[in-house]
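In the numbering used here, the protein residues as written are 9 to 419.
Where hints are given, some of them may not hold.
As the list claims (entries may be wrong) - Dumping the calculated DSSO-like pairs for lysine-lysine here, alpha-carbon to alpha-carbon at most 30 Å: (1) K366 / K297; (2) K115 / K275; (3) K297 / K397; (4) K268 / K280; (5) K401 / K290; (6) K404 / K353; (7) K255 / K205; (8) K205 / K307; (9) K353 / K380; (10) K203 / K259; (11) K307 / K366; (12) K280 / K366; (13) K290 / K363; (14) K210 / K197; (15) K397 / K366; (16) K280 / K115; (17) K259 / K297; (18) K268 / K401; (19) K397 / K290; (20) K268 / K197; (21) K363 / K247; (22) K255 / K116; (23) K255 / K191; (24) K210 / K191; (25) K255 / K363; (26) K307 / K404; (27) K366 / K259; (28) K366 / K268; (29) K404 / K280; (30) K53 / K188; (31) K53 / K64; (32) K363 / K262; (33) K255 / K188; (34) K384 / K353; (35) K262 / K404; (36) K197 / K58.
To be verified - So the derived label-pair ranges between C-beta atoms look like this: (37) D54 / K384: 47 to 57 Å; (38) R385 / D67: 33 to 43 Å; (39) N225 / R246: 12 to 22 Å; (40) G413 / I378: 18 to 28 Å.
Hints were generated in silico from the structure; no laboratory data involved.
C-beta: ideal position from N, C-alpha, C; glycine also.
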Amino acid sequence: MTTNSNASAIAKEVQANIQGDAIAPHLLLQPTHPPTVDELDNLIKDRGEKVRLMKKDGDNSHKLLADLYGSPTHFITELLQNAEDEGANNVSFILTDTELIFEHDAKKLFDFSDIRAISNFGDNHEKKEKANAIGRFGIGFKSVYSITDNPRIVSASFDVTIRDYNIPERTNGHVPEYFKGTKIILPFKTQMRGKTKELLTKELQDLNLHYLLFLTNIASIKWETSDDSGHYERVANRKDRRFITLKSPNKEIKYFLLDKSIQIDRKKLLIKIAFQLSNDRKSIIACEKSPLFVFFPTKIETNLKFLVHAPFYTTPARENIQEGDSLINIEADHRNEELKLELGKLLVESLILFKNLKLLSVELLNVLPIDKENCKRSIVYNELFEAVKTELKSNKQLLPNANGGLSASNG
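Construct the entire structure; sequences and hints are all you get.
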């Protein structure tokens, strides 16, 4: 339990983590494009004219994009992905009666291009070029408008409040002092304050622990209200960092995490497979649920008994992956198909690894995708099924026998 007197403790801890050890903080924390007064003034003027014309024409497309997501709390994963893409290791949520404060310790601070992108739609060219970045559409931040009308961003030389979805005005009309961190403040819509706080309290208390599993940077999520707090973290074993423990206030889940760097269309991509472990880490067990992960869980059920992640091209809401034969999505289709094949290759490579670790057992075989019927029910199962079937039918000794050893298949 916490009290109002220490409601900022988490934020202070995150702030403390901003100080780097290897490189001087003043070198780490400079934005890549510091703003000028004229740049921000011109942007405010241009966006004001844009909003005026949109209102005149009755154009509400910006509101439609803001309502793109099914859940009013979807913005939480959007905030996490923004922090992850910028390299944050620790994040915090502080919930009050009137607002939600999100803070993270990414070394890269907001610059003018970030302000321009976050206050516009589909204008994030930098992330579009990052193959392993989560947010490529530049519209995800707009999901915050489910709970707020005027989000505020404090970072580096910026303290701006976004008005009418597009206009990044100076908060209180003044130029702020330099802030060595990133803070996003979401004042609740007045008529929804009570309901919003109740909704967010439940969401933070029940936050999906697996949000942390496939992220590269964020390893700690803390949250706090006036009378409660919690901590979710991903901890890697010091001797072998492939052994991962996900921790929440009332749960621990252990995984063996494999990853592989691949190249598709001259872009380097990272794919991962996570096998759940027993509490003593001596055996592999089946996962209760196995949604497909694209950094965060999608709505796609894989029907696998372990978890897989790959940077698939997704729909804008990032709940499903793009598929089909449309010429418009030919690049997305090609990448997504190649990623499925690469996940199959990584799964096959894991069998040899498990053999060397003496984890290749009947229990492990029962976790593998060997049920042909599931090929019809999942868009990724078939490729992994075919890869495993070919490997198990080879002359490699991968099948447990009655003597406690391993034998090759007879074909």
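Check the structure against each numbered hint from earlier and tell me which ones fail, lowest number first. Hint check: 11, 20, 26 fail, others pass.
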